[in-house]
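Undergrad: For reference, the chains in residue letters:
Protein chains: 4
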Amino acid sequence: MIVILKNRADADELDNLVYWLKEQGIGVRPTVGESQTILGLVGDTSRIDMDLIAALDIVEGVKRVQEPFKYVNRKFHPENTVISVGDVKIGNGELTIFAGPNAVESEEMLMETAKAVKEGGARILTGGAFKSRSSPYAFQGLGIEGLRLLIKAKEETGLPVMSEIMDGSQLPAFEDVDILAVGAGNMQNYALLRALGQCRKPVLLRRNPSATYEEFLMSAEYIVAGGNEQVILCERGVRTFENYTRGTLDVTAVPVLKSLTHLPVVVDPSHACGKYALVPALAAAAVAAGADGVCLDVHCDPAHARCGGPQSLTTEKFKRVAGKLMSVAEAVR
Amino acid sequence: MIVILKNRADADELDNLVYWLKEQGIGVRPTVGESQTILGLVGDTSRIDMDLIAALDIVEGVKRVQEPFKYVNRKFHPENTVISVGDVKIGNGELTIFAGPNAVESEEMLMETAKAVKEGGARILTGGAFKSRSSPYAFQGLGIEGLRLLIKAKEETGLPVMSEIMDGSQLPAFEDVDILAVGAGNMQNYALLRALGQCRKPVLLRRNPSATYEEFLMSAEYIVAGGNEQVILCERGVRTFENYTRGTLDVTAVPVLKSLTHLPVVVDPSHACGKYALVPALAAAAVAAGADGVCLDVHCDPAHARCGGPQSLTTEKFKRVAGKLMSVAEAVR
Amino acid sequence: MIVILKNRADADELDNLVYWLKEQGIGVRPTVGESQTILGLVGDTSRIDMDLIAALDIVEGVKRVQEPFKYVNRKFHPENTVISVGDVKIGNGELTIFAGPNAVESEEMLMETAKAVKEGGARILTGGAFKSRSSPYAFQGLGIEGLRLLIKAKEETGLPVMSEIMDGSQLPAFEDVDILAVGAGNMQNYALLRALGQCRKPVLLRRNPSATYEEFLMSAEYIVAGGNEQVILCERGVRTFENYTRGTLDVTAVPVLKSLTHLPVVVDPSHACGKYALVPALAAAAVAAGADGVCLDVHCDPAHARCGGPQSLTTEKFKRVAGKLMSVAEAVR
Amino acid sequence: MIVILKNRADADELDNLVYWLKEQGIGVRPTVGESQTILGLVGDTSRIDMDLIAALDIVEGVKRVQEPFKYVNRKFHPENTVISVGDVKIGNGELTIFAGPNAVESEEMLMETAKAVKEGGARILTGGAFKSRSSPYAFQGLGIEGLRLLIKAKEETGLPVMSEIMDGSQLPAFEDVDILAVGAGNMQNYALLRALGQCRKPVLLRRNPSATYEEFLMSAEYIVAGGNEQVILCERGVRTFENYTRGTLDVTAVPVLKSLTHLPVVVDPSHACGKYALVPALAAAAVAAGADGVCLDVHCDPAHARCGGPQSLTTEKFKRVAGKLMSVAEAVR
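Protein chains in written order, with my numbering: chain H, 1 to 333; chain V, 1 to 333; chain R, 1 to 333; chain C, 1 to 333.
One chain only, chain H, in its complex shape (with noise of 0.2 Å):
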């Protein structure tokens, strides 16, 4: 960390400014200058608020030269974090895809929806049964018993299964369920965050569309601080002035959070365009940018959705769609 000082800074002050950083175990090196003088931090200064220094009369900036998330920085754990579930491994090199409906609407389009992505190519079977919905007049999901249909559909298919949900108290309900996943809404929701931060079950936390890198790997670092290291990352569509998507995919994301972190990252395509025929090209991008996995809403008969129809793929799409995703990840391996 850098801190800038005002020009003609009280002596006192930065006496006492010195003082407390040698307390928190901070060493500091002052470089003179002629209009400018800059006090360099020597330590982990991960845990020093940026903001505490910034209030002070005599500063005129502080700057981080080191990230503040720690648990999550690749600096200190090299290794990619693995996440078992089954027999599933998710960031271990390999492709994995995701995919399932948005919402479950019933039993029949559920399990003819998951028989078809299983053959497809599907690793894990998603749906939603809390829906976040930006209107109060929108279709909210079946609730319990969407999730009750959800574990009938792992055990018919055999595949393990992620659903949303959207706060603490919900945890007994999702018993059952393999991958717990967080809204792009509640991103920032630290409630829910440190409540996942209890638990022992992998997570997939959505970045906000307005979150930057930090932010996300702040969130993250929020759940593996309270106990549970097994998050993945999930890149879903920055907001953006474009609107004739809905977000803006941003695939640069990939190789700067696999740099920044040891999590693994994945991507949605579908939420980020909210178009199912720009679907194809967009999961394909971000397999050959490095994903460790693509998650997919796919519906046996999308124009009679409850929800997310625009987005989402047929099953035969879908089959079409993961055999070009196997091809661009061989192409890049």
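None of these hints come from the bench; they were simulated from the model.
Mixed in with the good hints there might be a few duds.
Copies of one chain are not kept apart here, so a pair can be met inside one copy or by any two copies together.
[Unchecked claim] Calculated cross-link-like contacts (lysine-lysine; reagent style BS3-like; alpha-carbon spacing at most 30 Å): (1) Lys-6 to Lys-63; (2) Lys-324 to Lys-89; (3) Lys-317 to Lys-63; (4) Lys-324 to Lys-75; (5) Lys-317 to Lys-6; (6) Lys-6 to Lys-319; (7) Lys-275 to Lys-118; (8) Lys-275 to Lys-63; (9) Lys-75 to Lys-317; (10) Lys-118 to Lys-201; (11) Lys-275 to Lys-324; (12) Lys-22 to Lys-6; (13) Lys-154 to Lys-319; (14) Lys-75 to Lys-63; (15) Lys-89 to Lys-70; (16) Lys-89 to Lys-201; (17) Lys-6 to Lys-275; (18) Lys-22 to Lys-63; (19) Lys-324 to Lys-6; (20) Lys-75 to Lys-6; (21) Lys-201 to Lys-75.
All of these numbers come straight from a predicted model, not from anything done at the bench.
Knowing the structure of chain H, use the given hints to seat chains V, R and C on it.
TA: Quick look at chains V, R and C alone, frame taken from chain H:
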């Protein structure tokens, strides 16, 4: 709502769509152009999920003409909603100043700050007990003890108090808090919004830094549709490409929201910019733009604040700023 | 185009509008709803200025149904435009690699780099002579001398060359340059676009980092409407809130633009991210998404480049990357 | 400037860097931490190209401490620059209102509007002759004839005039125009900026909707470094995710730019929002935030304007707005 059909749309599928719309009470008026056919939907489309239509094979696109929110829509409720908290009225055309420390840190600092803001003209005392922090290593607030101190300050100063609630399970602890604030990171925490829809207290809803006006109003609609009509909207900076300041204050939100909804609109320049030196200019701009209130972080000793120091006004500066805001309010009335 | 009328629109003014539209050859189909009347405009609305209608007192809003661009619209020109430069074809379904130094710095470095990119598989040699730099103190390029060296490299390697033009007055100096590049900062320099519409050379138009797809295509429309049909679109990173990288590569632009227009679409990952270590992953993503070409900054000694060093691949890295890109192109075809 | 070295940086390369920096007159002060070494650079780093250092193998990152602009930097020129145009002074602490039609359309409308804005309190008459339009099919302005009419209006009203210049080759035609405006799309048209640096007239530089404060000031630096010190900065809306309005007015730019530079700062709310009904609130906000001036589009008959109609105030509304702005200026002084 306008439905743009693909060229050569299948006639049977079109009949199905028209039939389904009529069942929902929606009239359909086609306009056949040379290269494109569009359907004008007539009736109450606010509860129609656009995506259900957009998913159809015969549809190229769907555009809204009517807003998707209803209870909070000024079109259906032309008079301003005025919210009473003790003898303070918010939204009646007068300027209400909310002020207090970013976080409650100790009884002493809270009392000193509370008395000063009352003297300076604040009508609502604010103070965080549960803090949403992007780092798990940052000060997370005093929790229940913070609320206890805040209630004590309310008793001593007579000012109604506002504090942030993070989770529905905390509601009992907030019994004596007058206004429940929802943090920007929880604007789309629907479990929380639903819980607040059930209670009978004013809620100050902070806009997420990347929420559109429509998304912001849809989150308010969640609360009002749940039965709680006392919602105050708070603009506190949007996320842009510029990072000189924490966020970019969206002063346009004030006249736009005031035209779209009947709810009061307040502005928080302290959180928007993160730098106290900019707060006076931004607060004045918010008032000039027509805000019903302004929320200001004030601390009796910002250089030693545990949280929010760089954005906090000293108590003396607060008094000068509050005076100037009253003059601006006078000038634009 | 859809015109949404205000409630209680004045009948005379409405007649005036309808009359004026008919004079422009536009048919008008009204849809009278309970709370809103809309007009569907039928005919070629691409040349109607929406703002002229939006300014009327009786109008609440105007929405486009048809795109405002015509010559570059795939709807009116379904087959791909293929651009021939020497024996290179751009847009015919094969991958074209553009490569070379960010700036021409000296004959020696240019020749060394040019030969290496040719060996590695590049089909177009690129090199800046006039540089757009955000600082007046940064290296501004060798100018005319840079162009002379580039032509010399063209003669030695046989590769067609591309370089950036900043002003119409420079056109004579670019006589022997094969492709004229327009920098992102000049995408809306209409004086330049008009000048390029008059010439008969391929133009590579870089997307401004904050241009929507529609704005980008409207700038291309300027050139094509001027009479020059040979336009190549180049995505090179959009501006978002994330500043870990210089820009955020918008890989979605590839399938979207390919669907909206018949022009070739290429991607420049070097400028998009500004960091060479990310270039291989992003280039692979662009190819997987269906780009017609990729532009890569390559330098024989990036650590001593006068410009663009951090984003430049060494010649050895370029060869490895180019080989991998060919494999990805194969996998997605 | 701070250089963060990679761990285990090669000693010879480090010596080379230090030697090169010293040759540029820059002192180097290393801070050796446990896990990281940083170099503090001491001296005038405003002309050092960060990228040259960032490209080195031994360097992990570079951060600026000092601003990269010099002539426009308030640190080196603490007093406000005041620009005189006839007897109007811009930047002296008083509010200057710029007003006129978006485009000069005819002598009659121009004269009517010009007289009305003069009566209402405008001190500078504005009117576009060469229009930057995103569509080649939109009205492009009357060109030279438009300038002739504007000069005539100047003679009749006695108001100095401002109009937009698009290309250096147009300079002779602007001889009698008092202030040359640079459009937002040309903010990084360096050929134009260089031409304006050579002339001796005030230039109003519009901020590109996606330019950071630093980029904006670097474009001003181009003009001032060229020898022309008379630059007025104009904020006219930044590009964000919100598209209810054309842009998002960045009112924070006013206090920030006033602190970073000595140049006058004005605001154009008409272009920022694109909707006349929002202009009064936004103009008042700009004045309250401390703007030196405000630019307003005014038209004697907005409903029939050929350009800019939706954002133009009628002459009557202008008079009311101008009066209110004067009251706000009074209140915040």
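Undergrad: Does each hint hold? Answer for all of them.
TA: Against the structure, the hints:
no.: 1; hint: Lys-6 to Lys-63; result: both (14 Å within a copy, 17 Å between copies)
no.: 2; hint: Lys-324 to Lys-89; result: both (21 Å within a copy, 26 Å between copies)
no.: 3; hint: Lys-317 to Lys-63; result: between (48 Å within a copy, 27 Å between copies)
no.: 4; hint: Lys-324 to Lys-75; result: between (34 Å within a copy, 28 Å between copies)
no.: 5; hint: Lys-317 to Lys-6; result: between (61 Å within a copy, 21 Å between copies)
no.: 6; hint: Lys-6 to Lys-319; result: between (62 Å within a copy, 26 Å between copies)
no.: 7; hint: Lys-275 to Lys-118; result: within (23 Å within a copy, 39 Å between copies)
no.: 8; hint: Lys-275 to Lys-63; result: between (40 Å within a copy, 15 Å between copies)
no.: 9; hint: Lys-75 to Lys-317; result: between (40 Å within a copy, 25 Å between copies)
no.: 10; hint: Lys-118 to Lys-201; result: within (23 Å within a copy, 49 Å between copies)
no.: 11; hint: Lys-275 to Lys-324; result: both (19 Å within a copy, 29 Å between copies)
no.: 12; hint: Lys-22 to Lys-6; result: both (21 Å within a copy, 25 Å between copies)
no.: 13; hint: Lys-154 to Lys-319; result: within (20 Å within a copy, 46 Å between copies)
no.: 14; hint: Lys-75 to Lys-63; result: both (19 Å within a copy, 20 Å between copies)
no.: 15; hint: Lys-89 to Lys-70; result: within (24 Å within a copy, 47 Å between copies)
no.: 16; hint: Lys-89 to Lys-201; result: within (14 Å within a copy, 48 Å between copies)
no.: 17; hint: Lys-6 to Lys-275; result: between (52 Å within a copy, 15 Å between copies)
no.: 18; hint: Lys-22 to Lys-63; result: both (18 Å within a copy, 24 Å between copies)
no.: 19; hint: Lys-324 to Lys-6; result: between (58 Å within a copy, 28 Å between copies)
no.: 20; hint: Lys-75 to Lys-6; result: between (33 Å within a copy, 12 Å between copies)
no.: 21; hint: Lys-201 to Lys-75; result: within (25 Å within a copy, 48 Å between copies)
Of the numbered hints listed earlier, not one is contradicted by the structure.
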